[in-house]
Amino acid sequence: MQAATFLAYLAAAALFIFGIRRLKAPETARSGNTIAAVGMVVALVATLFVIQFQALLLIGVAILLGAVVGAVSAQRVQMTAMPQMVAAYNGVGGGAAALIALSEFYHLSEGEGLGAVSGITIPLTVLVGSVSFAGSVIAFMKLQEIAFSGSVTFPLQQVVNALLFLGILVLAANAFLDGAILPFLSPIASVVVVLAASLLLGVLLVIPIGGADMPIVISLLNAFTGLAAAASGFVLDNYILLIGGTIVGASGTILTRLMSGALGRPLGKILFASIAASGGGKQEREERPVNDASAEAVGEYLSDEAQKIVIVPGYGLAVAQAQSVMRDLVETLESEGKTVLFGVHPVAGRMPGHMNVLLTEVGISYEKLYDLEDINPEFEDTDAVIIVGANDVVNPVAGDPEQSTPISGMPVLEVGKASQVIFVKRSLSPGFAGVDNPLFYDTDKTMMLFSDAKQGLQEIVSSVRSPA
Amino acid sequence: MQELLAQLAVFVIAAFLGFELISRVPNLLHTPLMSATNAIHGVILVGGMITLASDANFAIKAVGFLAVFFGALNVVGGFWVTNRMLGMFRPPVKRVKKRREG
Numbered sequence: 298m299q300a301a302t303f304l305a306y307l308a309a310a311a312l313f314i315f316g317i318r319r320l321k322a323p324e325t326a327r328s329g330n331t332i333a334a335v336g337m338v339v340a341l342v343a344t345l346f347v348i349q350f351q352a353l354l355l356i357g358v359a360i361l362l363g364a365v366v367g368a369v370s371a372q373r374v375q376m377t378a379m380p381q382m383v384a385a386y387n388g389v390g391g392g393a394a395a396l397i398a399l400s401e402f403y404h405l406s407e408g409e410g411l412g413a414v415s416g417i418t419i420p421l422t423v424l425v426g427s428v429s430f431a432g433s434v435i436a437f438m439k440l441q442e443i444a445f446s447g448s449v450t451f452p453l454q455q456v457v458n459a460l461l462f463l464g465i466l467v468l469a470a471n472a473f474l475d476g477a478i479l480p481f482l483s484p485i486a487s488v489v490v491v492l493a494a495s496l497l498l499g500v501l502l503v504i505p506i507g508g509a510d511m512p513i514v515i516s517l518l519n520a521f522t523g524l525a526a527a528a529s530g531f532v533l534d535n536y537i538l539l540i541g542g543t544i545v546g547a548s549g550t551i552l553t554r555l556m557s558g559a560l561g562r563p564l565g566k567i568l569f570a571s572i573a574a575s576g577g578g579k580q581e582r583e584e585r586p587v588n589d590a591s592a593e594a595v596g597e598y599l600s601d602e603a604q605k606i607v608i609v610p611g612y613g614l615a616v617a618q619a620q621s622v623m624r625d626l627v628e629t630l631e632s633e634g635k636t637v638l639f640g641v642h643p644v645a646g647r648m649p650g651h652m653n654v655l656l657t658e659v660g661i662s663y664e665k666l667y668d669l670e671d672i673n674p675e676f677e678d679t680d681a682v683i684i685v686g687a688n689d690v691v692n693p694v695a696g697d698p699e700q701s702t703p704i705s706g707m708p709v710l711e712v713g714k715a716s717q718v719i720f721v722k723r724s725l726s727p728g729f730a731g732v733d734n735p736l737f738y739d740t741d742k743t744m745m746l747f748s749d750a751k752q753g754l755q756e757i758v759s760s761v762r763s764p765a
Numbered sequence: 002m003q004e005l006l007a008q009l010a011v012f013v014i015a016a017f018l019g020f021e022l023i024s025r026v027p028n029l030l031h032t033p034l035m036s037a038t039n040a041i042h043g044v045i046l047v048g049g050m051i052t053l054a055s056d057a058n059f060a061i062k063a064v065g066f067l068a069v070f071f072g073a074l075n076v077v078g079g080f081w082v083t084n085r086m087l088g089m090f091r092p093p094v095k096r097v098k099k100r101r102e103g
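Chains as they are written, first to last, in our numbering: chain A, 298 to 765; chain B, 2 to 103.
Hints listed in this document are in silico derivations from the structure and should not be mistaken for laboratory results.
The structure displayed is predicted, hence computed values, not measured ones.
Backbone N, C-alpha and C define an ideal beta-carbon position, used for all residues, glycine too.
Careful: at least some of the hints might be erroneous.
Unchecked claim - Sample of chain A residues lacking proximity to chain B, with all beta carbon distances greater than 10 Å (derived):
(1) 334
(2) 387
(3) 494
(4) 624
(5) 717
Stated by the list, open to error - Which residues of chain B face chain A? A few of them, derived with a C-beta cut under 10 Å, are:
(6) 13
(7) 46
(8) 79
(9) 88
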């Protein structure tokens with residue numbers, strides 16, 4: 298590689314790093330994203346010199362098509378659908394890595410032959426890239442509610458996965474050793490079978506994972522695609538692939554760990570959870586009395602009694618498209634001199650930070666948005682907590698060591714410490730995790746407003762504005 | 002051999018850099034962060050261009066074409082959607098309260 302292109306790649310890498318650094322605060326984040334994008338342009342232009350402007354027409358057409366599809370989908374996607382969009386972009390990245398490794402294997406086996414490095418990194422890239430592609434497709438379908446909703450399992454799933462993985466290793470070795478293990482499969486055919494088997498493995502790994510754990514899976518697959526890109530950097534002797542891919546692989550791994558920590562769900566438990574444990578039959582729910590409140594009663598309480606109010610938003614808010622009404626409520630309450638804060642659980646919405654995006658979209662200042670650790674001490678002197686479309690993240694059962702539930706160990710918002718708890722919820726149905734919430738039945742403290750999030754909030758707003 | 006060692010050195014340093022970079026980002030920005038790093042691994046597009054430019058038969062060209070298409074989709078979609086998300090975080094009047102550090 299010539300010195301000029303090498304230096305250009307170095308500049309691109311520096312721009313990536315600088316760009317990510319600026320993502321640490323909302324004020325600088327957007328410019329950070331732009332800087333990273335400029336780095337990408339530098340890398341692509343430098344690559345034109347590496348390939349000495351060969352096949353420009355084909356490359357141009359392919360890039361143009363990809364760019365158009367990317368731009369249109371990115372511009373049209375609703376903010377609520379962000380997790381599946383990220384999964385989709387990630388999937389195509391992983392697919393690209395697998396395809397590049399496949400064709401590079403063909404080149405090498407037809408030409409100069411495989412060295413030890415490419416003999417190991419190529420099958421690895423095909424494996425990781427394909428798992429990332431297929432896993433992302435399944436994640437997309439689950440989140441978009443096209444197929445595979447909930448946890449799809451079958452007997453001996455772990456055994457099948459392990460055997461499949463073993464088979465992939467044997468095929469990869471066969472490709473490397475020029476067909477010495479399985480003489481009927483040529484090296485290139487072996488790699489094609491590795492690709493197909495890895496796609497199947499990606500599907501099998503992700504179908505058993507339920508919706509609540511999906512954000513972690515997306516983050517993990519993001520890291521996988523980074524690693525696949527890094528591995529193809531080794532294959533192609535290309536430093537920008539190596540650096541860019543490795544940074545994403547490493548940062549994605551850390552992000553995945555942070556998230557599973559926030560959920561109180563160790564990664565191993567998500568990926569290899571014993572499936573029998575979750576199939577313990579439907580939980581029986583007792584018929585217990587609740588304090589069924591009207592929107593007028595809630596509005597009256599907020600107007601007359603409450604000074605400091607914390608709102609806990611959940612995905613139900615986004616489903617009902619009620620974010621704007623939520624902002625109206627905040628503005629109405631503030632105009633009456635109340636203090637209003639938001640307690641945002643790390644997994645509110647469908648990805649960590651997703652709820653923050655949804656709330657800022659309607660113009661709620663991010664200064665009002667508090668993390669779990671910051672809001673929990675505030676509940677002691679909070680007069681009212683309004684929980685809209687969330688259940689699992691405020692369920693005190695999660696912290697009860699006596700009970701074993703899917704949410705056990707997850708840190709929750711301690712809303713029970715506030716003087717008054719108000720749920721805006723369509724029914725008593727338990728949340729995503731299917732665990733009943735004892736707060737519902739605390740008739741002294743809890744008001745239940747059974748309503749669609751949007752309608753319920755609208756009624757509260759008008760009730761606060763015109764006290765009866 | 003020399004080349005491989007140099008690559009390994011770069012790999013190890015980049016890995017540590019990745020760890021360091023991420024631990025400073027607050028929860029608030031985790032979704033845009035994931036989306037931005039997602040766009041960066043679209044640098045695989047570079048590999049697709051190299052593949053497509055190499056001498057090859059039709060099948061390999063087709064594979065390379067698909068790889069470039071996928072890579073470009075990843076890059077453009079990723080940066081675009083991240084930019085849209087971050088555009089919603091409006092500049093505040095005063096500095097945001099210090100949030101959880103990693």
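A quick look at each hint next to the structure:
1. For residue 334(A), the condition that its CB be more than 10 Å from all CB atoms of chain B is violated, with the nearest at approximately 4 Å.
2. Its beta-carbon lying about 5 Å from the closest one in chain B, residue 387(A) breaks the requirement of being farther than 10 Å from that chain.
3. Non-interface call for residue 494(A) relative to chain B: holds, since the shortest CB-CB distance, roughly 18 Å, exceeds 10 Å.
4. Once the 10 Å rule is applied to beta carbons, residue 624(A) is consistent with being away from chain B; the minimum gap is 13 Å.
5. With 10 Å as the threshold on Cβ separation, the claim that residue 717(A) sits away from chain B holds: the shortest Cβ distance comes to roughly 25 Å.
6. Nearest Cβ of chain A to the Cβ of residue 13(B): about 9 Å, under the 10 Å cut. The hint holds.
7. Checking residue 46(B) against chain A by beta carbon gives a least distance of about 7 Å; that is within 10 Å, so the hint holds.
8. For residue 79(B), the interface hint holds, since its Cβ comes within 10 Å of a Cβ in chain A; the closest pair sits about 5 Å apart.
9. Among the interface hints, the one on residue 88(B) holds; its C-beta lies about 6 Å from the nearest C-beta in chain A, closer than the 10 Å criterion.
When held up to the earlier numbered hints, the structure conflicts with 1, 2 and fits the remainder.
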